[in-house]
Structure formats: C-alpha cells, structure tokens
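Visitor: Take a look at the letters that make up each chain.
There are 2 protein chains.
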Amino acid sequence: MSDTDHHAAATPQARAAALRARYGADPALDVAWNATVAGLLAHRTVRAFRPDPLPAGTLETLVAAAQSAASSSNLQTWSVVAVEDPAAKARLSEVARGQRHVAEAPLVLVWLADLSRLEALGRDRAKATDGLDYLEMLMVGVVDAALAAQNATVALESLGLGTVYIGALRNDPEAVAELLGLPPNVLAVFGLCVGHPDPARPAAVKPRLPQDVVLHRGRYEPAQAGRAVAAYDAAMRDFQAGQGMPQAGWSDAALDRVRGPGSLSGRDRLREILERRGFGLK
Amino acid sequence: MSDTDHHAAATPQARAAALRARYGADPALDVAWNATVAGLLAHRTVRAFRPDPLPAGTLETLVAAAQSAASSSNLQTWSVVAVEDPAAKARLSEVARGQRHVAEAPLVLVWLADLSRLEALGRDRAKATDGLDYLEMLMVGVVDAALAAQNATVALESLGLGTVYIGALRNDPEAVAELLGLPPNVLAVFGLCVGHPDPARPAAVKPRLPQDVVLHRGRYEPAQAGRAVAAYDAAMRDFQAGQGMPQAGWSDAALDRVRGPGSLSGRDRLREILERRGFGLK
Numbered sequence: 000m001s002d003t004d005h006h007a008a009a010t011p012q013a014r015a016a017a018l019r020a021r022y023g024a025d026p027a028l029d030v031a032w033n034a035t036v037a038g039l040l041a042h043r044t045v046r047a048f049r050p051d052p053l054p055a056g057t058l059e060t061l062v063a064a065a066q067s068a069a070s071s072s073n074l075q076t077w078s079v080v081a082v083e084d085p086a087a088k089a090r091l092s093e094v095a096r097g098q099r100h101v102a103e104a105p106l107v108l109v110w111l112a113d114l115s116r117l118e119a120l121g122r123d124r125a126k127a128t129d130g131l132d133y134l135e136m137l138m139v140g141v142v143d144a145a146l147a148a149q150n151a152t153v154a155l156e157s158l159g160l161g162t163v164y165i166g167a168l169r170n171d172p173e174a175v176a177e178l179l180g181l182p183p184n185v186l187a188v189f190g191l192c193v194g195h196p197d198p199a200r201p202a203a204v205k206p207r208l209p210q211d212v213v214l215h216r217g218r219y220e221p222a223q224a225g226r227a228v229a230a231y232d233a234a235m236r237d238f239q240a241g242q243g244m245p246q247a248g249w250s251d252a253a254l255d256r257v258r259g260p261g262s263l264s265g266r267d268r269l270r271e272i273l274e275r276r277g278f279g280l281k
Numbered sequence: 000m001s002d003t004d005h006h007a008a009a010t011p012q013a014r015a016a017a018l019r020a021r022y023g024a025d026p027a028l029d030v031a032w033n034a035t036v037a038g039l040l041a042h043r044t045v046r047a048f049r050p051d052p053l054p055a056g057t058l059e060t061l062v063a064a065a066q067s068a069a070s071s072s073n074l075q076t077w078s079v080v081a082v083e084d085p086a087a088k089a090r091l092s093e094v095a096r097g098q099r100h101v102a103e104a105p106l107v108l109v110w111l112a113d114l115s116r117l118e119a120l121g122r123d124r125a126k127a128t129d130g131l132d133y134l135e136m137l138m139v140g141v142v143d144a145a146l147a148a149q150n151a152t153v154a155l156e157s158l159g160l161g162t163v164y165i166g167a168l169r170n171d172p173e174a175v176a177e178l179l180g181l182p183p184n185v186l187a188v189f190g191l192c193v194g195h196p197d198p199a200r201p202a203a204v205k206p207r208l209p210q211d212v213v214l215h216r217g218r219y220e221p222a223q224a225g226r227a228v229a230a231y232d233a234a235m236r237d238f239q240a241g242q243g244m245p246q247a248g249w250s251d252a253a254l255d256r257v258r259g260p261g262s263l264s265g266r267d268r269l270r271e272i273l274e275r276r277g278f279g280l281k
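Residue numbers (numbering that gives the first Met the number 0), protein chains in the order written: chain A, 0 to 281; chain B, 0 to 281.
Next up, chain A with everything else stripped away, as it sits in the complex (with noise of 0.2 Å):
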C-alpha cells in the first residue's frame, strides 16, 4: 500500500490554524510543531466515507500500532474483531441505534477488553487466575484496549484514513457478544469505524474546552472549570452554525447525556451485563 504521510504540514502558519480549530480560538500556547503533533492536532470525526475498500496491509498496519502502545505489565488484555461483512455491520449499526456510518465503513474494528485468554491459559496450565474476578482487571483490560486503539487511529489518519468511535456498542454488550461469538469474560469496549473520509461530505476540528480547565499544575483545582465554560459554549456554538447544525454549545448537551439512568442508552445495565458475562466485579 501507498506510504505517504498523510499529516499536515508542520509550517508555523499551519500550528497557529491548528490552535484555532481546535480551542474555537487563539489560545496564547507555546506548542512545538513537528508533523506528528501536527497530525493529532488535525484529528477529527469521521462519519461520512466512501464506500471503497481499504487499501491491502491496513489491518496488520493498525495492529502493529495498536500492539505497539503500552500494555499494563504487559499482560495484553485486549483483542480487536475486525467486522466487513455487510450483514454483521448491520447488525452493530442496530446496536448504536441506527448510526448509517456502522454499516457504511468498509470496516468497523470492535476493540475488547479481553480476559478471556488469561483465563484459558490458567485453565490449560491448572493455574488459579482469581485475580481477574476484580474491578482492577476489568480497568486494566478497558485501559489496554483504549491504549491500543488509539495508536491504531493514530496509524490510519497517517495513511489519509478517518475513524469514528462508537461507544453505542455498550447500548448492548449482549448482542455484540452473540453476534462476534465473545466468549465470557470479554467486554466489547467500543468500536472504531474505518474508511476513506468522503471528501463531498467533510469533517471538521471539534473544539475542546480550554486546556486549563482540563490541565491542573501541582493540585487539582476546581474552581477554574466555572470561568471558562460559558466561553467554551460560545466557541461550540460557533462550531455548531459552521457545520449547519442545530447552537446548542456544549454545557446544556452534556448535563442533558448524564441527568438520569433513562439518558444513558440503556448503558445503565452494564454493571448487571458484565456481571452475566463472567465479569466478577469484586
């Protein structure tokens, strides 16, 4: 396949753009400038792609990636499904309540917390494995996979790739479980859709919040988060108006996603789902 970089160019007008898009603002920041930094900076969400297919090496490129982030002592908790077939794409569209780009990517990467090869493992060596019925490892195969699957969309928007997160998997741990043949003791974490941005429908930066609201020097402090919010919003409502969507900044949106159980999309059984799937929670 093609080896281009795909990142941006580490031109200094490029990083102040780059700040702009991303904070909805000129934030007075002192940021080296390389084409790696530039390339995480220009990250954003796809969820509009051609229908082409993936270039041949892409699954053993991002694997390579994924496999190279650290592990925690390198016990490997994680594992990914790699889901093409149209059927099956479907399938996990449902789950995320209908999302099209689901079924559209050419490929959809379902990334695992997986305790299940340890637990085999033990079982073929007669070997106790009680330590995984806690939180704890729950936590550290969340936290491989995450790792893992970061450096992996790292990888593919290097290769002019976009990607898009789908949370919505935990909408239904049961039936991603059944329709990818989990065994117990493996958590669908989240999926990642994979395919050529299309470029009649582009995506743009998302802001963030200012980085000292999210970044606290020596203490945590609280009470920074106050004063910065309502600037926040203005910067999302500004976002919102460029891409034709409806103003509604990002305070209200998100105090609106976690009022109640009923706002989570049925995520408020993943305790009790886990626990059905071999999870011991302890």
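Simulated from the structure, these hints should not be mistaken for lab results.
We put the CB at the ideal spot given by N, CA and C, even for glycine.
Incorrect hints may have been included.
[Unchecked claim] Which residues of chain B face chain A? A few of them, derived with a C-beta cut under 10 Å, are:
id	residue
1	41
2	74
3	80
4	123
5	126
6	133
7	136
8	142
9	182
10	189
11	216
12	218
13	244
Fit chain B to the supplied structure of chain A, relying on the hints for placement.
Guide: Same frame as chain A, now just chain B:
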C-alpha cells in the same frame, strides 16, 4: 522549543527491523510505512531519565495532543495533574511501591477519570446528574483519560522524550487523591513519567504476542491463542536475555500476576475505594 521530529527514519530496512523488534520474529506482515507508523512501532518503555528539565512548551504540547483525541459524546470526562514538585513525586513513587523513575522523572502526569466537572456544573445549574452514578460513566471517564494519555505519549515520543505508564497509582488511589487534592468522583487512573531518556541506560522495544492472537477476523476465535504462546514465551526469553533480565518468558509471569487478590498489589480494594470516593458504580 525544538520542532524536530524524532521519529525513526521510514526506510524499508527500518520497517523490517521494527517488525522484528516488535514481534521478536520476522512476521510476514504487509504494513504501510511512514514516519508516524515508524514512530508508533518504535515505542519503548523508558524508565531511566536524565535529570534535565523539559523544554518550555512541553506541557502545552502534550495537553493539546491529549485534547485532540476523541472523547465520548464530547463530555471530556478527564483531567490531568502535572506533578513536578520533588516531594510530591517522591510520595507518588512510594504509592508505586518505590518505583524510582517516578521520583526521578522531571514530570509525572496523573491522568484522571473526572466526573466531578459535570457534577459541579449540574450543581451550579440545579440540574440532576444522576447518570454519573453508573459504572458506565466510570468507563467513559477511564476511556477518555486513556485515549488522551496515549495521544500525549505519541506527541512526547515524537519530540524525543520518553515515557512510562504507572498503573501502580491504583495501589492506593486515596493517597493519590489526598496528595493532589482530588474531589469525589475523580479517579487517578494511571501516572505517566516523562523525561529525556538517559542514553547511558537505553530502553529496548519489547516483543508482543503474534498478531493472530489479538486480531480476530469476523468472529472471535479463542483456539488461536494456545499455539502461539509457546513461541512468544521463547521470544520474550530472548528479549530478557538481551536485557540482562531473568529469562522468565511471558505466560508464567502473566499468570502469576492474576493468580488471586493477593497478587494485585492492593488493587483488589479498588471497588470499595471507588465507592468511598463517590462513584456510584450502579
């Protein structure tokens, strides 16, 4: 600060060498190759740092990269505390059972799953945030924090800096919370040490399991793992020999790590600690 991209050169010879190091074998893999992919595959865990301070702008750069990662429903349920104070780093090193690099690195980042920002916003606006009390929302915070941290790691490595994740902060989340002034509903998911790698004590790329153990095509195939583990154990023994480490292989050490609650370094108490720290985990 310097804008040089320190990623490995993207020659065909470098590709073969990178795959050999990553898998401890010569896998027949058709991977795409550019500076970004080369940089990702060259990742190594750095535990030996020069004492020099970091270049100006390092923190701003890594946070901009971190904020550029995807965030579930754009809720941005993560924060990071930058710890540079020697006494605070020494205390974090104690929590991590005396890992010296935690005290020695010029910067230790503590990555937080942060549900308190939305909780505080809801309180200010007199809006219910009962959805935060579910295990799902801890998952959202942990995934958000991990994606952000991995982007930061990629950016730091492109600048020639080295990192090591410190999961051992979960040995005692309450000590970390007290040290950093974390409010309820905030968990220190892991630390990340950052510094200039010490060239006198170079780190090596650690081999990972063969691709077909972690990659499943269409459906999960548990039968794949057994075959490959013996070969991987041999690759790890070769790696360990080259590093002057005990040749323990992989599978025995991994099983020992999960044999029971006593092998979790105190993290068998994570659920109880999270509940005390305000997480509903419903």
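Visitor: Determine for every hint whether it applies to the structure shown.
Guide: Quick rundown of the hints versus the structure:
The closest approach between the C-beta of residue 41 (chain B) and any C-beta of chain A is roughly 8 Å, which is under the 10 Å cut-off, so the hint is satisfied. This hint holds: residue 74 (chain B) has a C-beta 5 Å from the nearest C-beta of chain A, less than the 10 Å allowed. Restraint check, residue 80 (chain B) versus chain A: the minimum CB separation of about 4 Å is within 10 Å; hint holds. Annotation: interface hint on residue 123 (chain B) holds; nearest CB of chain A at approximately 7 Å, less than 10 Å.
Below 10 Å, beta-carbon pairs count as interface contacts, and residue 126 (chain B) has one with chain A at about 5 Å; its hint therefore holds. At its closest, the beta carbon of residue 133 (chain B) sits 5 Å from a beta carbon of chain A; the interface hint therefore holds under the 10 Å criterion. With its C-beta approaching chain A no nearer than about 7 Å, residue 136 (chain B) sits inside the 10 Å limit, and its interface hint holds. Against a cut-off of 10 Å between C-beta atoms, the interface hint on residue 142 (chain B) holds, since the closest Cβ of chain A lies about 5 Å away.
With a cut of 10 Å, the hint placing residue 182 (chain B) at the interface with chain A holds, because the nearest CB-to-CB distance is about 6 Å. Interface hint status for residue 189 (chain B): upheld, as the beta-carbon distance to the closest one in chain A is roughly 7 Å, under 10 Å. The interface hint given for residue 216 (chain B) is met, as the beta carbon of that residue sits about 5 Å from the closest beta carbon of chain A, less than 10 Å. Satisfaction of the interface hint for residue 218 (chain B) is found here, the shortest Cβ-Cβ separation to chain A being roughly 4 Å, below the 10 Å cut-off.
The closest approach between the C-beta of residue 244 (chain B) and any C-beta of chain A is roughly 12 Å, which is over the 10 Å cut-off, so the hint fails.
Checked against the numbered hints above, the structure violates only hint 13.
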